[in-house]
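Between the sequences and the hints, there should be enough to build the whole structure, so can you do that?
Going line by line, the protein sequences match chains A and B. The numbering used here applies: residue 896 is where the first sequence begins, and numbers increase by one. The numbering used here applies: residue 611 is where the second sequence begins, and numbers increase by one.
Please keep in mind that the hints were generated in silico from the structure rather than gathered at the bench. Worth double-checking, as some hints may not be accurate.
To be verified - Interface residues of chain A toward chain B, partial, derived using beta-carbon atoms under 10 Å:
{"#": "1", "residue": "968"}
{"#": "2", "residue": "980"}
{"#": "3", "residue": "1070"}
{"#": "4", "residue": "1073"}
Stated by the list, open to error - Here are the simulated lysine to aspartate or glutamate pairs, EDC-like style, with alpha carbons at most 16 Å apart:
{"#": "5", "chain 1": "A", "residue 1": "1178", "chain 2": "A", "residue 2": "1115"}
{"#": "6", "chain 1": "B", "residue 1": "1035", "chain 2": "B", "residue 2": "1154"}
{"#": "7", "chain 1": "B", "residue 1": "700", "chain 2": "A", "residue 2": "979"}
{"#": "8", "chain 1": "B", "residue 1": "700", "chain 2": "A", "residue 2": "982"}
{"#": "9", "chain 1": "A", "residue 1": "922", "chain 2": "A", "residue 2": "1042"}
{"#": "10", "chain 1": "A", "residue 1": "947", "chain 2": "B", "residue 2": "913"}
{"#": "11", "chain 1": "A", "residue 1": "1074", "chain 2": "A", "residue 2": "1115"}
{"#": "12", "chain 1": "A", "residue 1": "922", "chain 2": "A", "residue 2": "1115"}
Stated by the list, open to error - Listed next, with one range per pair, are the computed distances between beta-carbon atoms:
{"#": "13", "chain 1": "B", "residue 1": "619", "chain 2": "A", "residue 2": "957", "range": "31 to 41 Å"}
{"#": "14", "chain 1": "B", "residue 1": "1109", "chain 2": "A", "residue 2": "1016", "range": "54 to 64 Å"}
{"#": "15", "chain 1": "B", "residue 1": "1022", "chain 2": "A", "residue 2": "965", "range": "33 to 43 Å"}
{"#": "16", "chain 1": "B", "residue 1": "803", "chain 2": "A", "residue 2": "965", "range": "38 to 48 Å"}
{"#": "17", "chain 1": "A", "residue 1": "1069", "chain 2": "B", "residue 2": "938", "range": "50 to 60 Å"}
{"#": "18", "chain 1": "B", "residue 1": "631", "chain 2": "A", "residue 2": "950", "range": "52 to 62 Å"}
{"#": "19", "chain 1": "A", "residue 1": "965", "chain 2": "B", "residue 2": "901", "range": "24 to 34 Å"}
{"#": "20", "chain 1": "A", "residue 1": "965", "chain 2": "B", "residue 2": "938", "range": "48 to 58 Å"}
{"#": "21", "chain 1": "B", "residue 1": "815", "chain 2": "A", "residue 2": "1024", "range": "53 to 63 Å"}
Backbone N, C-alpha and C define an ideal beta-carbon position, used for all residues, glycine too.
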Amino acid sequence: MLVLDNVTKRFSSGVTAVNALSLRLDKGVVGLLGPNGAGKTTLIQMITTVTKPSAGTVFYNDVDIVKSPDAMRSRLGFLPQDFDVYDNLTAFEFLSYFAALKGVRSKARVGELLEMVNLHTVANRVASAFSGGMKQRLGIAQALINDPDVLIVDEPTAGLDPEERIRLRNILSEIGGEKLVILSTHIVSDIEAIATHIAIMAQSRLQSYSTPEELLSSAEGNVWKGIVSSESFDSLRSQIRISGAVRKPDGVHISVVSAHKPFEGAMQTEPTLEDAFLFTLQKAGAETGTEATTGKSDKAGAL
Amino acid sequence: MNNALRRIRAIVATDFILRFRRTSTLVLFLAMCALAFVSIPDPSANWTLMSIGEARTLYNSPAIAFATAVNFSILGIGLLSYYMISNSVKRDVVSGVGNTLAATAMRSWEYIAGKFLGNVAFLTALTLAYMLVMMLMVIVRGEAALEPLVFLRTYALLCPQGIFFVSVISLVFETLPILSSRIGDFVYFLVWIVLGIAPVEQLEKANLAQQQAGVAPTLSNVPFVAYIDVLGLGTGMSAINQQIGADSSKGLSVGASTFNPALPVVVIREVELPTAWVIAKALTTLGFIPLLAIALAAFHRFDPTRLRASARRSKRNIVASLGAILKPLSRLTTTFWGMIQTLLSQQGFVRIVAAEILLVFTLHPTALLVLVGLNVAGLIAPIPKVQLPIAPLACLALVFFSADIGIRERQRGSSALLLSVPMMKENFILIKLLASWILGLTFAFIPLVRLAFAVPGVAVSLLVGMLFLSACAVGLGIATGTAKTLIVGSLILFYVALNSNGHEPALDFAGWFGSAVPMVQVGYAVAALGFLALGWSAHWWRTERA
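Next up, the structure:
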């Protein structure tokens, strides 16, 4: 059980990256959603003990990990956002290095992990020459090498092709059955199929924490769809925020997240997770009087 | 083996592998082999490895072991290796691996210990490799049988202190924000000069005092020097002097020494030190280790908050502070950016070169101050002062401000962006060379004009010298991927050239003493071409082959 209580991170520049965030996380896959700059990475850095909170506490299995970081580190698998490798190490050597640092004694484990992420055929190639997707898979392998109880992956699908994304999701989903997986992303499709809970951050605060079903129901009645002409679409675009648009022979099929009927002919529709995410961000913006920016959607990944 | 030891071993092994797979290590090793061959010339040559009182020493194992160990300790360990190993923590930050390391159970002290031992392992391996090459030279050029144990004992007496010192100090400098920047590179160079000079001076003084007191100078009477003679120069020279009965180190010359062939060859025995000295050196060697506590306290453990603070503090040096004050001046350059766009719109090549130069002034506003200062000084100073010290200062400014001109885009991951500019890829080396050279010439513009009228030969030398330094900046930077190579190389060159006082025309590469003959100027121009070829090859390898 991971418990965050009033966790705040304030930089010396005066910027508050995470503001009084409280959360209790048990096993399962937790999708940490939020637009760029919401504070997701800083929150993850505090949970992974890479940086200390300015205020608040983080407990893992009743141990204060700010004071005793080893309690978390010894059970943690972490894939950071800007993961990279050394210039001259092979994939096997790189993974063996992290195996040693994490106290893994079995050499066979390195081979198993390379096979799991489909890098066993290039195990003796220098990892810096890998493509972005291959490096990311190596990063996932290093995160899993110590069979962690808590797996935290920050934007893990960057650089992965659709097939690799599905493969990664399946791995995370499988691990999430027994352990805690925190997957931070701004791409809703990364988590919609596997998340058991979704935490949404915006403007340094936790805006919502719920199951996907609860999140979807929170947006019910606030998502609209309709078909408009190309000319109307151009003018509508400047007036309202359109969450989805597809051009078809009969016009542009659009969907809009709004508390009120956004245009003539609009009909209420079932919200998707992305709609619910956008609705939460809109609410957050309305509450603080600012505009919460939305993250990018990645339909290509939603396979 | 417990987990802490396993982690330390993993860090040491990984650092060792990473360093030994670098091209620069191979280049260094090949250079060492070449140096070995050159520094131990055939006995029939008119210069030799070591001379005592103008007499050549016999090429036996004690002589070759002593001379090469001292040289390697001073230059290889004391100087070059610092610049080779002082990026082990930064490598983890830049590569992004540090973020992942920080979330493991590895403790900070394990990391620092691993990095320290990695440094020691690497430098010890380099030293052993160098020693083996020198032992081979005994077989190739020796005049007596090879005695491997003599080599081992001599190197063991003279080198470990330096290895431990550099291994510790490089980590301390790297973790202390203010010394982790280029300022640290310059500061270490000064430390190295003091380490080389101070012990020898102390020994000279002690010898003199002993002579005046009517006592035969012995090392046993000055054990305190053993503690400060980190690089072994004073120790080795004093031990040899005592062996041959000389009363000063001035009669002893190590490395590229001239000799009188008419004098009989001197045979020296293995270097031996008093027990007190051996104990003192051993204690000092281990005594550096507690200094790692500074590195441990300053180590950021890849915490982004501490890294940001560290980056801010690293800019709190004189140059950076001056740069911050002068930042508004750099806005002047934006006017020039606009002028370039307008005036040189059709002149792609010239425009790119001009843009490269202006970028230096925008990035380093201090360069504008240096430019004005040197030119004003060059205008009012008498010609001898223009020659020295204004010309060397202009050369130093060239090195400082264009050290990373060939690699700055690569270091920031924007090479592809730059190379996509029309004419850039095919003219990369030439553009970078011209930018660096013209930048240097702006620092020395008025001095050069005055020298051209007063002493034209010196002006030509300065032009060639700056071309040589620019070619080094581009060639060495691209080939080794770091600005440190140029900085350390040019600091050594400046040091040697200034110390020669113009007596050796070949060292007067930029005409500071007016002793360079046309052959010297041609020689440096050819050497510049060599460095450009090196840079071009490395650039081609990266852009076409990789």
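Here is what the structure says about each hint:
no.: 1; hint: 968; result: holds (4 Å)
no.: 2; hint: 980; result: holds (7 Å)
no.: 3; hint: 1070; result: violated (17 Å)
no.: 4; hint: 1073; result: violated (21 Å)
no.: 5; hint: 1178/A <-> 1115/A; result: holds (14 Å)
no.: 6; hint: 1035/B <-> 1154/B; result: holds (10 Å)
no.: 7; hint: 700/B <-> 979/A; result: holds (14 Å)
no.: 8; hint: 700/B <-> 982/A; result: holds (13 Å)
no.: 9; hint: 922/A <-> 1042/A; result: holds (15 Å)
no.: 10; hint: 947/A <-> 913/B; result: holds (8 Å)
no.: 11; hint: 1074/A <-> 1115/A; result: violated (31 Å)
no.: 12; hint: 922/A <-> 1115/A; result: violated (28 Å)
no.: 13; hint: 619/B <-> 957/A: 31 to 41 Å; result: holds (33 Å)
no.: 14; hint: 1109/B <-> 1016/A: 54 to 64 Å; result: holds (58 Å)
no.: 15; hint: 1022/B <-> 965/A: 33 to 43 Å; result: holds (36 Å)
no.: 16; hint: 803/B <-> 965/A: 38 to 48 Å; result: holds (44 Å)
no.: 17; hint: 1069/A <-> 938/B: 50 to 60 Å; result: holds (58 Å)
no.: 18; hint: 631/B <-> 950/A: 52 to 62 Å; result: violated (45 Å)
no.: 19; hint: 965/A <-> 901/B: 24 to 34 Å; result: holds (27 Å)
no.: 20; hint: 965/A <-> 938/B: 48 to 58 Å; result: holds (49 Å)
no.: 21; hint: 815/B <-> 1024/A: 53 to 63 Å; result: holds (57 Å)
Checked against the numbered hints given earlier, this structure breaks hints 3, 4, 11, 12 and 18; the rest are met.
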